[in-house]
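Chains as they are written, first to last, in my numbering: chain A, 1 to 337; chain B, 1 to 445.
Treat the hints loosely; a few may be bogus.
Covered stretches of chain A, going by a simulated chain B footprint (3 or more residues, C-beta under 8 angstroms) [what the hints assert, rightly or not]:
id, stretch
1, 115-123
2, 244-257
3, 319-326
Just so you know, the hints here were simulated from the structure itself, not pulled from any lab data. We put the beta carbon where it would ideally sit given N, CA and C, even for glycine.
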Amino acid sequence: MEILNAFVLLANFVLVPAIAYGSQLALGALGVTLIYGILRFSNFAHGDTMAFGTMVVILFTWWFQSMGLHLGPLPTALLALPFGIAACAVFVLGTDRLVYRFYRQQKTAPVIYVIASVGVMFILNGIVRFAIGTEDQQFADGARFIVKAGEFKRMTGLDEGLAIKASQALTVVTAVLVVAALFWFLNRTRTGKSMRAYSDNEDLALLSGINPDRVVAVTWILAATMATIAGTLYGLDKSFKPFTYFQLLLPIFASAIVGGLGSPLGAIAGGFVIAFSEVMVTYAYKKFLAYLVPADWWAPDSLMQLLATDYKFAVSFIILVLVLLFRPTGLFAGKSV
Amino acid sequence: MSGNQTSTRAAETPKGRGLLYFAIMAVLIVIVGQFQSWNVALSILSLCLISSIMALGVNIQWGYAGLFNVGVMGFAALGGLATVLVSMPPVPAAWAAGGPGVLASLAMGAITICGAIFIYRKMPKGRLRGFALLAVCLGGYFVTRHYFGISTDAVESVDPALTGYLGGLGLPVLLAWPVGGLFAGLAAWVVGKISLGLRSDYLAIATLGISEIIVAVMKHEDWLARGVKNVNGLPRPVPYEINLQQAEWFLELAAKLGQDPVTFSSIFVKLCYVLLFTVVLLGILWLSERALHSPWGRMMRAIRDNEVSAAAMGKNVTARHLQVFVLGSIVVGIAGAMLTTLDGQMTPASYQPLRFTFLIWVMVIVGGSGNNWGAVLGGFVIWFFWIEAEPIGLWLMETLTSAMPEDSSLRAHLVDSAAHMRLMTMGAILLLVLRFSPRGLLPER
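Build out the structure end to end from the sequences listed, making use of the hints.
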């Protein structure tokens, strides 16, 4: 019984949150890795692209709510999601047309793209703060929980409860659907195949008649879609604050690099590696150990937390450093140059 | 006729153009002095000087070597930390409570890392090495953390409302500037050692990470520099207004110049800062120019322009990159220490990446990457407009919305959001300069 309690405790505070967070990171990292594979630069504006898409979703959600539109137990944000994706896609295509296309034609060094993406990040940052402010915004509605801690306790007779938030379940289901759709697209459709060909060898792809403008446009649309979905899910699960989305950049980049830049499968694996490490390292194991070890034998006097929650960014950074030191191409051997 | 021709020619030569731009900047600051107040003008000028030094540091990394450092904020924050650690008086009670414990546990952490590196280097590759590494890292971590926690708790519980930290060394604050450079240089060496020699984006991401972590440590480690409780009342390198107002010679000077002693004292103090900062700026600028025009500088630019051929000429590209990255970070660290000295307080929450990293980048790109004078000019121009954009933006918004009814919520929102316009303007300036004038105001020669 004690062991069961311990594992339910762990599932409640580590497993479930980490799976949800990992799915969000994986979606974000997929966007970064796609841009990297096709356009060959690290897009520093990605965090703020997520914020922009989410902001549009929030504005539409509020509008729908004021009109009395609801999806029952599901959050209204799902209804607003397509509009957010569309607005975000239009925006990133616009930035590509106005900013990045010039450098692509000039065949500029990747670092110039990175600096340009910093400029885009500034502008996105300004737009988001201008439109919605810098404060925390809550926009989740519908059912709060799928499994409530109290019900779980009554059903199983355990001391520990397991709570699954609706937003967490929604995150995982959406992420699975989106990732499945993305892989189907990349592996089965003509456009997807041409994207992979372009990523593998640009010159060869151009020689075989692949239209680079089309590949680039599709990449941006996919990245915007991923960014908006990831941002909305993160916002539903936690809350929306522009600066938090900027800070998500580090775990997202870490996920993409851990998995191997340019490898979609790696981005997903990386997202879960980062999320699980972050949650596991910052979780206080005091209660968990108290269940496993008899109290008269040894009682932990501290929280048994490996690292304070304040330093959760340090976790992604340390993993990033380890990967850079020992395996710079990432787990799934992405591009290293 | 001939005079006209010479003047056009002067404006065309790079030197003439630079002089012209700096003259315009001087006039702008004088205008602010005349129309707003000399106090404001001198504050802007001192921050312009500090920004120029930071921009010089970033220019050493980007302009000389093409390294993209996204962690300027972290290196500047280390400079600020150095100011506290060098200049504040020590807190004897806190030292007695946990000082040796903190030092011992920090040493233990260092020993753990060295031990891990030793095992990694000396033991044969295999499963045994992996287990040994894991054991040393985990064991060292838990032991260190246990004693570290006990000691820091003891330190933080010493009069937390006033001190609650170890304090500094109580040395003159000017000494903090080189120490700030040293701290930043050490951090840069570690980051550079890890991420240089890999693809260029990795350095950017690694520096982004380290700067977030440095600021997080400064916010949450109260025993070090009081965290978000801030350290106020840092010692000054210049006299205090109140002492000046009582000094005989100062009152005579004010009377001679026909100034009110109270306002003149604050202007005098600001002038002292400007003088100090100018000396540092000129020193660093002179050194940077000497370095850029030496064989070393030519080698750096050769590496930047073509790494493969420079490597073929026998140049160690990664080592040179590491060297220039550390040098640039040292300059940023010095500027960070100067900034904290000027503020007279250390507020970790004020370290925002947009203000401390990306604004400096805009300065370098706009000023002219690769040209030291350009970086200095960029520091002046961008800081001036960053400060003045707020009143201008506010005025613009109020003018634009003046037709709307007084109680309109849209109007209030627009006026409130004028501050965010600065971000957009900076982004737009960065993108426009990068696109249409990538060599900046003062191009590299």
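The hints, checked one at a time:
1. 115-123: Since 8 is at least three, the answer is holds.
2. 244-257: With 7 residues in contact (Cβ-Cβ under 8 angstroms with chain B), the coverage given for the stretch 244-257 of chain A holds.
3. 319-326: Holds, because 4 residues of the stretch 319-326 of chain A bring their Cβ atoms closer than 8 angstroms to Cβ atoms of chain B.
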